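Trainee: So the sequence lines, in the order shown, correspond to chains A and B. So the number in the working numbering is just where the residue sits in the first sequence, counting from 1, plus 5. So the number in the working numbering is just where the residue sits in the second sequence, counting from 1, plus 5.
Keep in mind the hints are simulated off the structure, nothing from the lab. Since the structure is predicted, the reported quantities are computational estimates derived from the model, not experimental observations. Honestly, I wouldn't trust all of these hints.
Which copy is meant is left open, so a pair is good if it fits within one copy or across any two.
Stated by the list, open to error - With a cut-off of at most 25 angstroms between alpha-carbon atoms, the simulated DSS-like pairs for lysine-lysine come out as follows: (1) K90 with K555; (2) K333 with K296; (3) K161 with K260; (4) K90 with K272; (5) K338 with K56; (6) K296 with K272; (7) K530 with K555; (8) K555 with K517; (9) K555 with K296; (10) K161 with K259; (11) K161 with K517; (12) K338 with K161; (13) K555 with K272; (14) K238 with K161; (15) K333 with K259; (16) K90 with K260; (17) K296 with K517; (18) K272 with K260; (19) K530 with K90; (20) K517 with K56; (21) K17 with K259.
Protein chains: 2
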Amino acid sequence: MLADELKQLDRKQMTQLAERIREELIGAVRETGGHLASNLGAVELTLALYKVFDFPQDKLIFDVGHQSYVQKLLTGRDLSTLRRKGGASGFPDPAESEHDAFIAGHSGTSVAAGIGLCNARDLRGENYKVVSLIGDASLGNGLALEAMFSSEDKPKNFLVVLNDNGMSINKNHSALYRSISKRTVKKRYRTFNSFLSRTFKETNSFGRALRRFKYSIKGWLNQNYFFERCGFKYVGPVNGHDLGELLGVLADIKKIEEPVLLHVITKKGKGYEPAEAEPAAYHGVCRNFEKSEHSFSDALGRLMLDRAEQDASLVAVTAAMTDGVGLKEFAEKYPARLFDAGICEEYAVTMAAGMAKGGLSPVVCVYSTFLQRAYDQIVHDVCLQNLPVLFCVDRAGLVGSDGKTHQGLLELSAMRAVPNLSVFAPKDCAELADIFDFARSLRAPALIRYPNGSAEELGSVTKISHTSLWETVSDGNGPVVLASGARAVARALRAKELSGTDCKVINCRSVKPLDQRVLDSLAAKRILTFEEGYASGGFGSAVAEYYAVKGMSVHLTVVGAENVPVAHATAQEQAETLGLSAEALAARIRAIS
Amino acid sequence: MLADELKQLDRKQMTQLAERIREELIGAVRETGGHLASNLGAVELTLALYKVFDFPQDKLIFDVGHQSYVQKLLTGRDLSTLRRKGGASGFPDPAESEHDAFIAGHSGTSVAAGIGLCNARDLRGENYKVVSLIGDASLGNGLALEAMFSSEDKPKNFLVVLNDNGMSINKNHSALYRSISKRTVKKRYRTFNSFLSRTFKETNSFGRALRRFKYSIKGWLNQNYFFERCGFKYVGPVNGHDLGELLGVLADIKKIEEPVLLHVITKKGKGYEPAEAEPAAYHGVCRNFEKSEHSFSDALGRLMLDRAEQDASLVAVTAAMTDGVGLKEFAEKYPARLFDAGICEEYAVTMAAGMAKGGLSPVVCVYSTFLQRAYDQIVHDVCLQNLPVLFCVDRAGLVGSDGKTHQGLLELSAMRAVPNLSVFAPKDCAELADIFDFARSLRAPALIRYPNGSAEELGSVTKISHTSLWETVSDGNGPVVLASGARAVARALRAKELSGTDCKVINCRSVKPLDQRVLDSLAAKRILTFEEGYASGGFGSAVAEYYAVKGMSVHLTVVGAENVPVAHATAQEQAETLGLSAEALAARIRAIS
């Protein structure tokens, strides 16, 4: 394992290794797609951490985890299989390696998890170091802030490394970030430092003494009340691409017991010019660095631009995902009407509730998996007050290569139980527009879910309305397939062909409310529900429940995902594994025909 | 309305009014039960805000809202009906009065909601002041911190009042609080201030100039970087029981446009000696100031004490609810094994996940309604890693007089869809112990839900095990009632008597997994499910779904709560309104017999 060899390398060899790793990263991500810029920025930092600490005896906890590819390379994961079925995950996963001390994928977890590990270690009388590696954008997340402020008495032998690249996925505008950065990139220190570095070498004992002196000066110049009040000894800022500086500082930190916050300045995309120039574009990329295709996100973006022109009350809210949800042009055209909360989903939703209360019509654009962070805010701040906030939920259903931590399989179950909230799922992008307008006309909380990737346009049958919540997209005299969501409807139509049956396919674009008229008319038929989400509590469950609440006996089959975590693969492979492909559905239809 | 008269009163009359209000508060809460200590602490502050600002044109947003009784008195709510069916809510509710600018009940929402309101006002070109009133304990919540740090550019005409009583519901130990309080109760200022106050009167123009001078001195002595970096002009600390000081400062603040954080020091329980002495005991009280009865919380407390003695790996985690969840004695006996996260449910859960990863066996004790705050942490940090964290969920089901914001009706739907999580509901306190041990023996994520109030002990039939997940508590040849949860089982037994039928009653103490053996054996019977939770996605839905996933046709009736917000009343009245009483159930049983 490279991690073991690393211990033997000198600094020059490590520099060469860093270069090799960068090439390997670029090559691997070009082949498989994935996160590039964040990993290029963390090469020297990861090498230095592995050189100084003794992982996996010591524990390294990544925040978000999209910067963990270097660690994967060091610890025997095969990057050529990255994010592919059966291959290495694109995020840390303890099930994959003992080097992955904690799962990651969502933001802001590493400090809380680190404190928990330290508490366990101390109560059990064990002895190891815990290192949490968190980016500047993640530090602004509520969970991270709760952990930072949790107590003045932080555990001993706990190191938080702040990987500060001055960037969220987009640019970071938080008060937190500005207040930290102001105190750190002080010109007077940098001048002083570069003078010392030019003048003296740090290879002998005088050099080491000098380094300590430099840090005491730096500490004095950069006194960081923020972190010190949180119970950390503050060390930094350190150049995160200078292996010498990193190794020296980490070796010093390893010797002390005191909880330390080490502030490391890195450059996102470091060492690959296109990524340095456009770090946001190289944050997550597809094979051959092509831009991913997201039909629904693009459609939403066009829709928002159009409706914003007609309605001055429409505002957009996002949580550090302006580009991802399709709002790039909106942000350029209507900067005052685009509210990017940073990675703060809770704040985004409650702030949107405040805007709705004040007479605006907010559209919260968010990925399904991250919406989980704001569950209580949706319930308490939006829905109990019945406020007209529209949630446009992207990446719903199977997400493919991002895997376990990013699946959008839960939101139907969690959200359809929330009082006052309507839930919709368009069959294609054209219908997204109809539903968008219909949902906003309700002047009440509503949620629209749609999947990642490209979408097939199925052609309009009827516009959604209170009297046509559902529509028949393919008529027939056989069993009735109730399909909800774009992929489900498209597959149901294909499954009808494959099955050779005369089944009827209904597009159940409104999950809540259900189309009771249609359901009542079907009571004597054989019915099959189909969705891309957990069957537990999902759309099919809602149909089963509808009949059961009325005490009606029906012939009903529910087809949805089994209630297990779903690992990385293509979304199509995931559907096949879960029995949610068109072929599998065709077999289920034949079975009840 | 008292609020209008208030505008005419001079300071002396206001002081008399404050005294009258205190008496009325004490009298009303003695009669109805409710929150006392927090309201006694906010009397002068609320009066001063209403004297200076023009609510409801200006907007007053309470955080948590258990300190809003004084406002209710001022704005025509009848406190003799407080928390009673059809009476005044114990929390702010825009549906009750236009003076309630935003709903409250959960913690940390007021700053985000306030910023949202300001954004709406500014985009719409309106002109009013927004005031968010937040306690020191709530400020440590992740949502509040996200909002505080959201941007350096806070909206104009926005005032955040920090009501600092140096207390959470229990004592606040956060780094945040200590760092604020250190800078505020500076003796040198207090000495100086009391000297000035003794020497000069503030009633003439010299006095007013003096006050301004005092505050400039105070500002200099108390420079508060924390709030200033968040984009607020910091004013304070102000004595929150000195009407003169409050009125003067608020009048000055009203004149400026700059966003202000006003730091007010108050005493919880002020003016009622028993409450001043024991503010935690007088936080929430029952009629005649009796302590509330919580059988399940008490039972959990005893259980934790007992099991902690046998198992050194057992640790308890709570979020500012040590007493409420029954852990008071545990905290005294095992202080090193009790982790109180403050009002930080997200941190509590992820930190617990870290402790589980480190080899401990954490039990997270939390109210159902507040668990919503940690939904993503349960999914992402605990369940995806399949960690042995046990959630003991108190106040599940109908909560009675706390009303809408505090109902525990959602957690079955939201939680049963989470992969790897088992979900249980004991029929009584004795069974809580059995299930507690069984759940911990799974060495995987598990959740136990139980209601508020006292519980009837129904007597043991069988201990829960993998082969007896459910038990028959009353045999019979008629329809089968599948009841889940303590109240549901007790009512089902009573309903059997009332119905005069020979129905069978099964205690469905495991909601996930379901007892498939029992379900399969019942397929030919008439089945009725019964639970105290939303039918949408709940236990009955799980049963309907079980048969539908298998494509089995059954005679099933699901009885659960309609999917609407449920306002304050007694839990029994709420059950009656929702058709969940024993009488209503008896009628449903007869209907299928």
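Trainee: A separate judgement is required for each hint: does it hold in the structure or not?
Mentor: Checked hints:
1. K90 with K555: Result: close neither inside a copy nor across copies, 43 angstroms intra and 29 angstroms inter.
2. K333 with K296: So K333 and K296 pass the 25 angstroms test inside one copy only (14 angstroms; across, 56 angstroms).
3. K161 with K260: Answer is within; shortest intra-copy Cα gap is 12 angstroms, inter-copy 48 angstroms.
4. K90 with K272: The answer is neither: 31 angstroms in one copy and 60 angstroms across copies each exceed 25 angstroms.
5. K338 with K56: Result: close neither inside a copy nor across copies, 48 angstroms intra and 43 angstroms inter.
6. K296 with K272: within (22 angstroms within a copy, 58 angstroms between copies)
7. K530 with K555: both (17 angstroms within a copy, 17 angstroms between copies)
8. K555 with K517: both (17 angstroms within a copy, 24 angstroms between copies)
9. K555 with K296: The answer is neither: 49 angstroms in one copy and 42 angstroms across copies each exceed 25 angstroms.
10. K161 with K259: Result: close within a single copy only, 11 angstroms intra versus 47 angstroms inter.
11. K161 with K517: neither (50 angstroms within a copy, 39 angstroms between copies)
12. K338 with K161: Between copies only: 24 angstroms across, 50 angstroms inside.
13. K555 with K272: neither (61 angstroms within a copy, 54 angstroms between copies)
14. K238 with K161: Answer is within: at 11 angstroms inside a copy they meet the 25 angstroms cutoff, but 36 angstroms across does not.
15. K333 with K259: neither (44 angstroms within a copy, 38 angstroms between copies)
16. K90 with K260: neither (42 angstroms within a copy, 63 angstroms between copies)
17. K296 with K517: neither (34 angstroms within a copy, 42 angstroms between copies)
18. K272 with K260: Neither: 28 angstroms inside a copy, 45 angstroms across copies.
19. K530 with K90: Neither. Shortest intra-copy (39 angstroms) and inter-copy (44 angstroms) distances fail the 25 angstroms Cα cut-off.
20. K517 with K56: neither (55 angstroms within a copy, 46 angstroms between copies)
21. K17 with K259: Classified as within; 22 angstroms inside a copy, 63 angstroms across copies.
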